[in-house]
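Visitor: Sequence:
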Amino acid sequence: MVGDMDTELSIQQVAAVTQLSTHTLRYYERIGLLAAIERASSGHRRYSGQDIAWINFLTRLRATGMPIREMQQFAELRRQGDHSLAQRRQLLEIHQRHVQQQLDELNRNLEVIQDKIQHYRELEAQYDTNTLTGSKH
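Residue 53 in my numbering sits at position 52 of the sequence shown, with consecutive numbering throughout.
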């Protein structure tokens with residue numbers, strides 16, 4: 002359904018597919034992250050497959066910590082067309098470096114947690130051994 006670029010979905014359907022609220026979708030449109038969404042004759046928003054692909058990309062940018070202001074800058078560059086390709090790539094490269102730094106920090110924190118888990122396993126094994134032999138620690 003979503004893979005078909007000719008598909009038109011209501012805001013409620015897009016909210017279900019993207020797991021964003023209708024409020025967030027309207028907000029993204031209001032602040033310029035989404036270009037004006039096509040409207041049906043009834044006035045209701047009709048999202049295309051391309052709109053959904055863009056929303057999914059925005060969701061990934063947000064999930065990886067890109068500030069809304071940078072997302073707006075990227076969206077504006079995208080609207081400017083192909084002459085902004087290098088600027089968009091540069092923005093993404095900067096964001097990629099930030100994400101990599103976050104991953105590196107998470108990995109360092111994970112190593113500390115893993116070391117602490119191993120420490121507790123060793124203490125438990127020592128405690129169990131002492132308990133079985135009747136010695137007090």
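Treat the hints as calculated values from the structure; they're not laboratory data. Where is the CB? At the ideal position from N, CA and C, for every residue including glycine. Check before you lean on any hint, since a few could be wrong.
Unchecked claim - Restraint ranges, calculated between C-beta atoms of paired labels, are given here:
#1 Gln115 <-> Glu30: 39 to 45 Å
#2 Ala87 <-> Phe58: 28 to 34 Å
#3 Gln88 <-> Gln115: 22 to 28 Å
#4 Arg27 <-> Asp116: 30 to 36 Å
#5 Leu86 <-> Glu9: 27 to 33 Å
#6 Tyr121 <-> Gln88: 46 to 52 Å
#7 Glu77 <-> Glu123: 35 to 41 Å
#8 Arg90 <-> His24: 30 to 36 Å
Visitor: Against this structure, judge whether each hint is valid.
Guide: Hints, one by one, checked against the model:
no.: 1; hint: Gln115 <-> Glu30: 39 to 45 Å; in the structure: holds (44 Å)
no.: 2; hint: Ala87 <-> Phe58: 28 to 34 Å; in the structure: violated (18 Å)
no.: 3; hint: Gln88 <-> Gln115: 22 to 28 Å; in the structure: violated (41 Å)
no.: 4; hint: Arg27 <-> Asp116: 30 to 36 Å; in the structure: violated (47 Å)
no.: 5; hint: Leu86 <-> Glu9: 27 to 33 Å; in the structure: holds (28 Å)
no.: 6; hint: Tyr121 <-> Gln88: 46 to 52 Å; in the structure: holds (50 Å)
no.: 7; hint: Glu77 <-> Glu123: 35 to 41 Å; in the structure: violated (55 Å)
no.: 8; hint: Arg90 <-> His24: 30 to 36 Å; in the structure: holds (32 Å)
Checked against the numbered hints given earlier, the structure breaks hints 2, 3, 4 and 7 and satisfies all the rest.
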